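Visitor: This is what each chain is made of:
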Amino acid sequence: MPEPLFLFFALLTLIFGIGVVVNRNPVASGLCLVVSFIGLAAIYVSLNAYFLGVIQVLVYAGAVMVLFLFIIMLLDIKAETRRKFNKTAVIGGGAVTLGFLVLLANVLSSFKAGDKRLPAIGADKAEASDVVEIGNLLFTNYTFHLQIVGVLLLVATVGVVVLSRREDRVATPPQ
Amino acid sequence: MTLSHYLLLSGLLFAIGLAGVIVRRNIIIIFMCLELMLNAGNLALVAFSRFNLSGQGAAAQPNYNGQMLVFLIITVAAAEVAVGLAIIVALFRSRQTIHVDDLNSLQG
Chain L
1 MPEPLFLFFA LLTLIFGIGV VVNRNPVASG LCLVVSFIGL AAIYVSLNAY FLGVIQVLVY
61 AGAVMVLFLF IIMLLDIKAE TRRKFNKTAV IGGGAVTLGF LVLLANVLSS FKAGDKRLPA
121 IGADKAEASD VVEIGNLLFT NYTFHLQIVG VLLLVATVGV VVLSRREDRV ATPPQ
Chain S
1001 MTLSHYLLLS GLLFAIGLAG VIVRRNIIII FMCLELMLNA GNLALVAFSR FNLSGQGAAA
1061 QPNYNGQMLV FLIITVAAAE VAVGLAIIVA LFRSRQTIHV DDLNSLQG
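Top to bottom, those sequences are chains L and S. Numbering follows the numbering used here, in which position 151 of the first sequence is assigned residue number 151; successive positions increment by one, without gaps. Just remember that the numbering used here sits 1000 ahead of the position in the second sequence, which is counted from 1.
Bound conformation, chain L alone (with noise of 0.2 Å):
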């Protein structure tokens, strides 16, 4: 992908990432999530990653997010916008990020394998399918951990259900 792909890409994640902060309005906030997803599936796709690009805009902008304004539409959120920024939680939230990109600056400029060029796919593999390839692996070398994030999955809906049900409907035992 050429340069200017990726820095367009790359602001478009970075700024609505920061919209999803400084926005009032959570609904507002979700939206802006969408569109910086959407902007880290086109850079998964940049790396040659297609299958996990569409996995992200089917999972994450599609799945988790129409969960969340779900969630944002059936709570009340019109008390929440009312409500000042905490000064205390913005200075220090401000101090650990500051802190935090620091240490990043000098990790990636001490990082000598980071000066790396995008190497070329070999000639073989330059159009095999990256689903074919994952699809192997996930059935051979991950078998065990497909089936652990199987079982995961159905214990978190069990457990989501168990979760949303009404406390005051209590079963009546038949007489």
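Hints are computed from structural coordinates only; laboratory data are not their basis. Predicted model, so just to flag it, every value in this text is computed and none were measured. All C-beta atoms, glycine included, are put in the ideal place defined by N, C-alpha and C. Possibly wrong hints are sitting among the right ones.
[What the hints assert, rightly or not] Every beta carbon over 10 Å from chain L, so not counted as near; a handful from chain S, in silico:
1) 1065
2) 1070
3) 1103
4) 1107
5) 1108
[Stated by the list, open to error] Simulated coverage check for chain L against chain S, where a stretch passes if three residues somewhere in it have a Cβ under 8 Å from a Cβ of chain S:
6) 25-37
7) 59-68
8) 111-119
[Claimed, not checked] What the simulated footprint calls covered on chain L by chain S, stretch by stretch (three residues with Cβ under 8 Å from a Cβ of chain S suffice, anywhere in the stretch; the number is not a length):
9) 8-22
10) 42-52
11) 93-106
12) 128-139
13) 146-153
Based on the hints, put chain S in the right spot on chain L.
Guide: Chain S alone, transformed into the frame defined by chain L:
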């Protein structure tokens, strides 16, 4: 494009998420910023998988083990979002607030 470009983008995205988690008081926004940080980590993993090719010469291809890890992280993150939002809804039902400053019953 060098590896540093991608790592810098990943680090900046993580910093935005970190700042959001500390500064914002709305628990849903905090949760969104957590997702942002998770995605920054994913980006670093994908970048490393692309820049450290496995195989030599014509057989060189991205290291798909890194992409597998990202795939698993996205799956776990989806489960985490579902459970987290269910907890937030349960919290809102019992306390009628999603503002973390109002949730101080553990403050002593």
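Visitor: Tell me the hint numbers this structure goes against, listed in increasing order.
Guide: Failing hints, ascending: 1, 2.
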